[in-house]
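Protein chains in written order, with my numbering: chain A, 1 to 146; chain B, 147 to 292; chain C, 293 to 438; chain D, 439 to 584.
It is worth saying that the hints were derived from the structure and are not from the lab. Please note that a few of the clues may not be correct.
Now the in silico label distances, taken between C-beta atoms and shown as ranges [stated by the list, open to error]:
{"no.": "1", "chain 1": "A", "residue 1": "D56", "chain 2": "D", "residue 2": "R480", "range": "26 to 34 Å"}
{"no.": "2", "chain 1": "A", "residue 1": "T7", "chain 2": "C", "residue 2": "P424", "range": "46 to 54 Å"}
{"no.": "3", "chain 1": "A", "residue 1": "E134", "chain 2": "B", "residue 2": "T151", "range": "46 to 54 Å"}
{"no.": "4", "chain 1": "B", "residue 1": "R214", "chain 2": "D", "residue 2": "V524", "range": "14 to 22 Å"}
{"no.": "5", "chain 1": "B", "residue 1": "T153", "chain 2": "C", "residue 2": "R414", "range": "43 to 51 Å"}
{"no.": "6", "chain 1": "C", "residue 1": "A433", "chain 2": "B", "residue 2": "A283", "range": "51 to 59 Å"}
{"no.": "7", "chain 1": "B", "residue 1": "D248", "chain 2": "D", "residue 2": "V524", "range": "46 to 54 Å"}
Derived DSS-like pairs (lysine-lysine); straight-line CA-CA distance at most 27 Å [to be verified]:
{"no.": "8", "chain 1": "B", "residue 1": "K273", "chain 2": "D", "residue 2": "K576"}
{"no.": "9", "chain 1": "C", "residue 1": "K430", "chain 2": "C", "residue 2": "K340"}
{"no.": "10", "chain 1": "B", "residue 1": "K194", "chain 2": "A", "residue 2": "K127"}
{"no.": "11", "chain 1": "D", "residue 1": "K539", "chain 2": "C", "residue 2": "K419"}
{"no.": "12", "chain 1": "D", "residue 1": "K565", "chain 2": "D", "residue 2": "K576"}
{"no.": "13", "chain 1": "B", "residue 1": "K194", "chain 2": "B", "residue 2": "K273"}
{"no.": "14", "chain 1": "D", "residue 1": "K565", "chain 2": "A", "residue 2": "K48"}
{"no.": "15", "chain 1": "A", "residue 1": "K127", "chain 2": "A", "residue 2": "K48"}
{"no.": "16", "chain 1": "A", "residue 1": "K127", "chain 2": "C", "residue 2": "K340"}
{"no.": "17", "chain 1": "A", "residue 1": "K48", "chain 2": "A", "residue 2": "K138"}
{"no.": "18", "chain 1": "C", "residue 1": "K393", "chain 2": "B", "residue 2": "K247"}
{"no.": "19", "chain 1": "D", "residue 1": "K565", "chain 2": "B", "residue 2": "K194"}
{"no.": "20", "chain 1": "D", "residue 1": "K486", "chain 2": "D", "residue 2": "K576"}
{"no.": "21", "chain 1": "D", "residue 1": "K565", "chain 2": "D", "residue 2": "K486"}
{"no.": "22", "chain 1": "C", "residue 1": "K393", "chain 2": "A", "residue 2": "K48"}
{"no.": "23", "chain 1": "B", "residue 1": "K194", "chain 2": "C", "residue 2": "K419"}
{"no.": "24", "chain 1": "C", "residue 1": "K430", "chain 2": "C", "residue 2": "K419"}
{"no.": "25", "chain 1": "C", "residue 1": "K393", "chain 2": "D", "residue 2": "K576"}
{"no.": "26", "chain 1": "A", "residue 1": "K101", "chain 2": "B", "residue 2": "K273"}
{"no.": "27", "chain 1": "A", "residue 1": "K127", "chain 2": "A", "residue 2": "K138"}
{"no.": "28", "chain 1": "D", "residue 1": "K486", "chain 2": "A", "residue 2": "K101"}
{"no.": "29", "chain 1": "B", "residue 1": "K194", "chain 2": "B", "residue 2": "K284"}
{"no.": "30", "chain 1": "C", "residue 1": "K419", "chain 2": "C", "residue 2": "K340"}
{"no.": "31", "chain 1": "B", "residue 1": "K284", "chain 2": "B", "residue 2": "K273"}
This structure is a prediction, so every number in the text was calculated from the model and none was measured. For glycine and all other residues, C-beta sits at the position ideal for the given N, C-alpha and C.
Protein chains: 4
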Amino acid sequence: MPFLTNTTVRRIEWGECDPAGIVFYPRYFAMFDHSTVLLVERALGISKHQLYATYDFDGFPVVETQARFMIPTRFGDDVVIESAFVAVGRASFRIQHRLSKDGALAVESAETRVWVVRDSDRPGGFKAQPLPPEAVAKFTAAPAPA
Amino acid sequence: MPFLTNTTVRRIEWGECDPAGIVFYPRYFAMFDHSTVLLVERALGISKHQLYATYDFDGFPVVETQARFMIPTRFGDDVVIESAFVAVGRASFRIQHRLSKDGALAVESAETRVWVVRDSDRPGGFKAQPLPPEAVAKFTAAPAPA
Amino acid sequence: MPFLTNTTVRRIEWGECDPAGIVFYPRYFAMFDHSTVLLVERALGISKHQLYATYDFDGFPVVETQARFMIPTRFGDDVVIESAFVAVGRASFRIQHRLSKDGALAVESAETRVWVVRDSDRPGGFKAQPLPPEAVAKFTAAPAPA
Amino acid sequence: MPFLTNTTVRRIEWGECDPAGIVFYPRYFAMFDHSTVLLVERALGISKHQLYATYDFDGFPVVETQARFMIPTRFGDDVVIESAFVAVGRASFRIQHRLSKDGALAVESAETRVWVVRDSDRPGGFKAQPLPPEAVAKFTAAPAPA
Numbered sequence: 001m002p003f004l005t006n007t008t009v010r011r012i013e014w015g016e017c018d019p020a021g022i023v024f025y026p027r028y029f030a031m032f033d034h035s036t037v038l039l040v041e042r043a044l045g046i047s048k049h050q051l052y053a054t055y056d057f058d059g060f061p062v063v064e065t066q067a068r069f070m071i072p073t074r075f076g077d078d079v080v081i082e083s084a085f086v087a088v089g090r091a092s093f094r095i096q097h098r099l100s101k102d103g104a105l106a107v108e109s110a111e112t113r114v115w116v117v118r119d120s121d122r123p124g125g126f127k128a129q130p131l132p133p134e135a136v137a138k139f140t141a142a143p144a145p146a
Numbered sequence: 147m148p149f150l151t152n153t154t155v156r157r158i159e160w161g162e163c164d165p166a167g168i169v170f171y172p173r174y175f176a177m178f179d180h181s182t183v184l185l186v187e188r189a190l191g192i193s194k195h196q197l198y199a200t201y202d203f204d205g206f207p208v209v210e211t212q213a214r215f216m217i218p219t220r221f222g223d224d225v226v227i228e229s230a231f232v233a234v235g236r237a238s239f240r241i242q243h244r245l246s247k248d249g250a251l252a253v254e255s256a257e258t259r260v261w262v263v264r265d266s267d268r269p270g271g272f273k274a275q276p277l278p279p280e281a282v283a284k285f286t287a288a289p290a291p292a
Numbered sequence: 293m294p295f296l297t298n299t300t301v302r303r304i305e306w307g308e309c310d311p312a313g314i315v316f317y318p319r320y321f322a323m324f325d326h327s328t329v330l331l332v333e334r335a336l337g338i339s340k341h342q343l344y345a346t347y348d349f350d351g352f353p354v355v356e357t358q359a360r361f362m363i364p365t366r367f368g369d370d371v372v373i374e375s376a377f378v379a380v381g382r383a384s385f386r387i388q389h390r391l392s393k394d395g396a397l398a399v400e401s402a403e404t405r406v407w408v409v410r411d412s413d414r415p416g417g418f419k420a421q422p423l424p425p426e427a428v429a430k431f432t433a434a435p436a437p438a
Numbered sequence: 439m440p441f442l443t444n445t446t447v448r449r450i451e452w453g454e455c456d457p458a459g460i461v462f463y464p465r466y467f468a469m470f471d472h473s474t475v476l477l478v479e480r481a482l483g484i485s486k487h488q489l490y491a492t493y494d495f496d497g498f499p500v501v502e503t504q505a506r507f508m509i510p511t512r513f514g515d516d517v518v519i520e521s522a523f524v525a526v527g528r529a530s531f532r533i534q535h536r537l538s539k540d541g542a543l544a545v546e547s548a549e550t551r552v553w554v555v556r557d558s559d560r561p562g563g564f565k566a567q568p569l570p571p572e573a574v575a576k577f578t579a580a581p582a583p584a
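Input sequences plus hints: build the corresponding full structure.
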């Protein structure tokens, strides 16, 4: 894995599951969104609140995502999510998430996010903005050897 | 549009939005999941509860999905979701969702679902099952002329 | 009913239900929050976005809520939610929600909200603020005769 | 504290917060529901899945809940939730949750749950059932001295 990776473990909750007894798939994206925050925070060494205070920007919304669901997970399962930067561009970056259960890959997802500022011409609108150079450097840093 | 389409309108709720004031993107998938239920119910002419009672099956989980987010939507926005079957296979089908706001396409998504029965060999597991022939016929029916 | 009431109908969604096949109870509060927004918007004649633009305030968070769950509801159920102001104070107001299914009361809830401005002394904190007099007048108006 | 207590820590997620930047209050109930599962599992020494397999019952739905929200919490906050049995009856039990942030009580809630079996006379309906005696004994056990 060339770029920084962050790993989290979470217990699937009853309320994240649907009447089939398995995770309601939109909630995997909520888990991945949180994993992305943790990855970005770890890469930059500051919290998301500090991020807004440090940089003149308004977030990094997802512009494209995709996922494959291979093994269902159920309430009570402890799943592992590995999230990693897989591409970093001028104003965007791509993150891959791999969620596994008992060592088997259950869900695989990748998302592209854009570094944005609010667009004063459109209420609720945003426009892309180049990533700060130090963010590029930190997002593309190789992970420290274990 | 070759196959059956269903259109719904929904008001974006405060609680569906995140601190950026726009829809938290995982919730679009929840909206699309509901749209799929409405489309399947309309195609088959029965409710999802009746579906389980009628057919010897255990649901149609999503195995793959993807989405592009082009325009953010905010609480109070009335959005239109058009959902349509775009492919129907032996044990699977693909649905496309187009969410628009003020006539402009805001989110586009497509998902593949598999008709399944519970797999008695794996707790919480499922296995694919051929679609009932009448479901194939109804999912691939051309929409009635307006 | 002395004060303004607003009634909405909503279809319970698959993704709002838990492995027991019934609504995961925290989601009733999300439904009630949306009903409160609709009631306040109706009372004041403006949208929540316009509300922030019109008044020098930062929202009306819930400070206390309670609910009784009498009849479970399931995906596919069409429920009716009647929401009404039941008390209006200097800086706070109380709303009651009655959710029914097939004419039978299924969930009853009441919440107290406070009109607030951000407290510059505490990040993320708020402090109570008197309600604008016209809001008090509109919240306590008797409903128009049918 | 007379009865068994369980304490969990959780990081507030971006997607749990609303456009005011604070937790959307219905999500506190989702956190408390999960805390209740952890408390019951700890009391009985088995998982919720095993619970269904062990006892002839269909869950312990909430029939009444209430909460007071004193201090808002924001994404990135690490909150502590202390959950404890406060009353155990013939077919019901009551749990109290105290969520604190930086040592200050932010949210206080209490809920009553009923031990139920499905009611074959009403689709989706449930009826109360006496708690198994060993559940009563374990729910009312004093916590071990630290």
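Of the hints given before, which are not true for this structure?
1, 4, 8, 10, 14, 18, 22, 23 and 25
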